[in-house]
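S.K.: Residue numbering for the sequence shown follows the working numbering, beginning at 1 and increasing consecutively.
Calculated from the structure, these hints are not laboratory results.
It is possible that some hints are incorrect.
[Unchecked claim] Restraint-style ranges between C-beta atoms, simulated for each label pair:
1. Pro-58 to Lys-103: 14 to 20 Å
2. Glu-41 to Gly-85: 35 to 41 Å
3. Asp-168 to Asn-42: 25 to 31 Å
4. Pro-84 to Asp-44: 21 to 27 Å
[Unchecked claim] Quick list of in silico lysine-lysine cross-link-like pairs, DSBU-like style, CA-CA up to 30 Å:
5. Lys-77 to Lys-206
6. Lys-201 to Lys-83
7. Lys-72 to Lys-24
8. Lys-77 to Lys-24
9. Lys-95 to Lys-206
10. Lys-181 to Lys-38
11. Lys-43 to Lys-83
12. Lys-72 to Lys-131
13. Lys-135 to Lys-181
14. Lys-72 to Lys-103
15. Lys-83 to Lys-181
16. Lys-72 to Lys-152
17. Lys-24 to Lys-95
18. Lys-205 to Lys-72
19. Lys-38 to Lys-83
20. Lys-103 to Lys-131
21. Lys-83 to Lys-103
22. Lys-135 to Lys-77
23. Lys-152 to Lys-77
24. Lys-201 to Lys-47
25. Lys-205 to Lys-95
Glycine included, C-beta positions come from ideal geometry on N, C-alpha and C.
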Amino acid sequence: MRLATTAPLLLLTIIATSALADEKWINLWDGETFDGWKASENKDSWKIEDGAIVCIGPRSHLFYVGEHAPFKNFHFKCEVMTKPGANAGIYFHTKYQEEGWPKHGYEAQVNATHRDPKKTGSLNAVVNTEKANHKDNEWFTEEIIVDGRNIKIIVNGETVVDFTEEEDRQAGKDFTRILSKDGGTFAFQAHDPQSEVHFRKIMVKKLP
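Based on the sequences and whatever the hints tell you, model everything.
M.R.: Shown next, in the form of C-alpha cells:
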C-alpha cells in the first residue's frame with residue numbers, strides 16, 4: 001500500500017524538478033543595440049560602448065519593453081561596473097513612464113562611493129545597507145530574485161537583502177514600493193550627470 005501511495009508522489013516530484021531544470025536563462029539584451037529597450041526623458045544619457053549599456057547624463061530610465069515582459073516571479077542577473085562617485089539602480093516590477101523617478105516597483109541600488117549612504121544591494125528606502133562589497137572600475141554581479149512576496153538581492157554571490165513583503169503592505173502616496181500582482185518590467189537608472197555606470201550580460205529566468 002505504501003509503495004502504491006508514494007509512487008505517484010515521487011513521479012510528480014520528478015516531473016516538477018524536471019520542469020524547473022528546463023527553465024532557461026533569457027538574454028534581455030543583444031549586446032549591440034537598444035532593441036527591446038526604451039529610454040524615458042533625456043535619452044542621450046544612454047549609449048552602447050565596448051559591449052555594455054552605459055549611462056551618463058541627466059536623469060533617465062531605460063526600460064525593458066521586449067517580448068519577454070512582464071516578469072512576476074523571476075531570477076534576474078547582470079554584470080555592473082560603477083565609476084567613482086556613481087549612483088544608479090535597477091528597478092523591477094515597474095512599468096514605463098515618460099519622465100520622473102519610477103513610481104512603480106522597487107529599486108535595487110547600485111552605488112559604491114556616491115555620497116548617498118544607501119549602497120549597492122540595498123532595496124532602496126526599504127532595506128538599506130551602508131557598505132558595498134565591490135569596488136569601482138571592476139565588474140561585479142547583481143542578482144534579484146522575486147518569489148511570491150520574497151525579494152532577494154545578491155551582490156557578488158552574497159545575499160545583501162532577504163525581504164518578505166507584509167501581507168497588508170500598502171502602496172505609498174507617491175511611490176508604489178510594492179510588488180504588482182501582475183508583475184512588471186525592469187529599468188536601469190541614469191541618476192545624474194556625474195554618475196557613470198555600465199551594464200552587460202543582462203539575463204532573467206522566469207520562475208513558477
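S.K.: Now look at each hint and say whether the structure bears it out.
M.R.: Quick rundown of the hints versus the structure:
no., hint, in the structure
1, Pro-58 to Lys-103: 14 to 20 Å, "holds, 19 Å"
2, Glu-41 to Gly-85: 35 to 41 Å, "violated, 22 Å"
3, Asp-168 to Asn-42: 25 to 31 Å, "violated, 37 Å"
4, Pro-84 to Asp-44: 21 to 27 Å, "holds, 22 Å"
5, Lys-77 to Lys-206, "holds, 12 Å"
6, Lys-201 to Lys-83, "holds, 18 Å"
7, Lys-72 to Lys-24, "holds, 16 Å"
8, Lys-77 to Lys-24, "holds, 13 Å"
9, Lys-95 to Lys-206, "holds, 18 Å"
10, Lys-181 to Lys-38, "holds, 23 Å"
11, Lys-43 to Lys-83, "holds, 20 Å"
12, Lys-72 to Lys-131, "holds, 29 Å"
13, Lys-135 to Lys-181, "violated, 36 Å"
14, Lys-72 to Lys-103, "holds, 17 Å"
15, Lys-83 to Lys-181, "violated, 35 Å"
16, Lys-72 to Lys-152, "holds, 14 Å"
17, Lys-24 to Lys-95, "holds, 24 Å"
18, Lys-205 to Lys-72, "holds, 11 Å"
19, Lys-38 to Lys-83, "holds, 23 Å"
20, Lys-103 to Lys-131, "holds, 26 Å"
21, Lys-83 to Lys-103, "holds, 26 Å"
22, Lys-135 to Lys-77, "holds, 18 Å"
23, Lys-152 to Lys-77, "holds, 12 Å"
24, Lys-201 to Lys-47, "holds, 16 Å"
25, Lys-205 to Lys-95, "holds, 19 Å"
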